[in-house]
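Chemist: Sequence:
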Amino acid sequence: MIESYELLCAQLSALVEGERDLIANLSNASALLMDALEGLNWAGFYLRKGEELVLGPFQGKPACIRIPLGRGVCGTAAQQDEIQLVPDVHAFPGHIACDSASNSEIVIPMHSDGAVSAVLDIDSPSLNRFTAEDREGLAAFAAFLESACCWER
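For the sequence shown, the residue numbers in the working numbering are 20 to 172.
There may be inaccurate statements among the hints.
Distance condition first, Cα-Cα at most 25 Å in a straight line; then the derived SDA-like pairs of lysine to any residue [what the hints assert, rightly or not]:
{"hint": "1", "residue 1": "80", "residue 2": "133"}
{"hint": "2", "residue 1": "68", "residue 2": "133"}
{"hint": "3", "residue 1": "68", "residue 2": "100"}
{"hint": "4", "residue 1": "80", "residue 2": "59"}
{"hint": "5", "residue 1": "68", "residue 2": "57"}
{"hint": "6", "residue 1": "80", "residue 2": "134"}
{"hint": "7", "residue 1": "80", "residue 2": "145"}
{"hint": "8", "residue 1": "80", "residue 2": "57"}
{"hint": "9", "residue 1": "80", "residue 2": "106"}
{"hint": "10", "residue 1": "68", "residue 2": "90"}
{"hint": "11", "residue 1": "80", "residue 2": "37"}
{"hint": "12", "residue 1": "68", "residue 2": "47"}
{"hint": "13", "residue 1": "80", "residue 2": "136"}
{"hint": "14", "residue 1": "68", "residue 2": "88"}
{"hint": "15", "residue 1": "68", "residue 2": "29"}
{"hint": "16", "residue 1": "68", "residue 2": "80"}
{"hint": "17", "residue 1": "68", "residue 2": "101"}
{"hint": "18", "residue 1": "80", "residue 2": "51"}
Derived Cβ-Cβ restraints for the label pairs, each shown as a range [as the list claims (entries may be wrong)]:
{"hint": "19", "residue 1": "25", "residue 2": "89", "range": "16 to 22 Å"}
{"hint": "20", "residue 1": "151", "residue 2": "26", "range": "33 to 39 Å"}
{"hint": "21", "residue 1": "32", "residue 2": "113", "range": "18 to 24 Å"}
{"hint": "22", "residue 1": "58", "residue 2": "133", "range": "30 to 36 Å"}
{"hint": "23", "residue 1": "113", "residue 2": "37", "range": "36 to 42 Å"}
{"hint": "24", "residue 1": "40", "residue 2": "151", "range": "17 to 23 Å"}
It is worth saying that the hints were derived from the structure and are not from the lab.
Fair warning: this is a prediction, and the values are worked out from it, not measured in the lab.
Yeah, the Cβ is synthetic: ideal placement off N, Cα and C, and Gly gets one too.
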């Protein structure tokens, strides 16, 4: 993992230490990402509720509230339980344009009790914004957050 993501995970650790509230921790995590990473226009979470994702804590412009599993980048990531790194969202089949300024996106599934319970969604107005290093670093960030949060609500 690149050094900047190691630092980001250390900052996240300090923010959530001793706090088990899901919404509080996801709120601080989205603010941390938006502040620390350059070239973003949205950073946040969608929480799984049955067969859809529901908007959770985020930083950025207003967003889609509900996304069915399997639809768009977020729904695909959740349904397939695979990270989606999309260089050009306009070329992604079934892309949901919540913000027309977004051009690239990365979505990381998050888990509780072995099942997808949320996704971390990050958008950029730049094409090809996200790299393999971002994929690795953000996966580690999400994994730390999975273990730090209390997912029962």
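Chemist: Look at each hint and say if it fits the structure.
Modeler: Consistency of the hints with the structure:
A hinted pair counts as satisfied when its Cα atoms are at most 25 Å apart, and residue 80 with residue 133 does not qualify at roughly 31 Å. Restraint check for residue 68 and residue 133: the C-alpha separation of about 15 Å stays at or below 25 Å, so the hint holds. With a C-alpha separation of about 15 Å, the suggested pair residue 68 and residue 100 falls inside the 25 Å cut-off, and the hint holds. Restraint check for residue 80 and residue 59: satisfied, since their Cα atoms lie roughly 11 Å apart, inside the 25 Å limit.
Straight-line distance between C-alpha atoms of residue 68 and residue 57 comes to about 31 Å, which puts the hinted pair past the 25 Å bound. Note on residue 80 and residue 134: the hinted pairing is violated, with a Cα-Cα distance of about 29 Å set against a maximum of 25 Å. Restraint check: the Cα-Cα separation between residue 80 and residue 145 comes to about 16 Å, which is no more than 25 Å; the hinted pair holds. Note on residue 80 and residue 57: the hinted pairing holds, with a Cα-Cα distance of about 16 Å set against a maximum of 25 Å.
For a cut-off of 25 Å, the pair hint linking residue 80 to residue 106 stands: about 20 Å separates their Cα positions. Pair hint residue 68 plus residue 90 holds up; C-alpha atoms about 15 Å apart against a cutoff of 25 Å. At roughly 30 Å between alpha-carbon atoms, residue 80 and residue 37 are farther apart than 25 Å, so this suggested pair is violated. Under the criterion of a C-alpha separation no larger than 25 Å, the hint pairing residue 68 with residue 47 is consistent with the structure, at around 22 Å.
The straight-line distance between the Cα atoms of residue 80 and residue 136 is roughly 23 Å, inside the 25 Å bound, and the hint therefore holds. Annotation: proposed proximity of residue 68 to residue 88 holds, straight-line Cα distance about 10 Å (limit 25 Å). Between the alpha carbons of residue 68 and residue 29 the distance comes to roughly 30 Å, so the proposed pair goes past 25 Å and is violated. With a C-alpha separation of about 22 Å, the suggested pair residue 68 and residue 80 falls inside the 25 Å cut-off, and the hint holds.
Note on residue 68 and residue 101: the hinted pairing holds, with a Cα-Cα distance of about 18 Å set against a maximum of 25 Å. At most 25 Å may separate the alpha-carbon atoms for a hinted pair to count; residue 80 and residue 51 meet this at roughly 16 Å. The hinted window of 16 to 22 Å between residue 25 and residue 89 is violated, with their beta carbons roughly 34 Å apart. For residue 151 and residue 26, the Cβ-Cβ distance of about 19 Å falls outside the hinted range of 33 to 39 Å, so the restraint is violated.
Taking the beta carbon of each, residue 32 and residue 113 are about 36 Å apart, not inside 18 to 24 Å as hinted. Take residue 58 and residue 133: their Cβ atoms lie about 34 Å apart, and the range 30 to 36 Å holds. Distance hint check for residue 113 and residue 37: the Cβ-Cβ separation is about 41 Å, which falls inside the suggested range of 36 to 42 Å. Hint check: residue 40 to residue 151, Cβ distance near 33 Å, so the stated range 17 to 23 Å is violated.
Violated hints for the displayed structure, listed by number in ascending order: 1, 5, 6, 11, 15, 19, 20, 21, 24.
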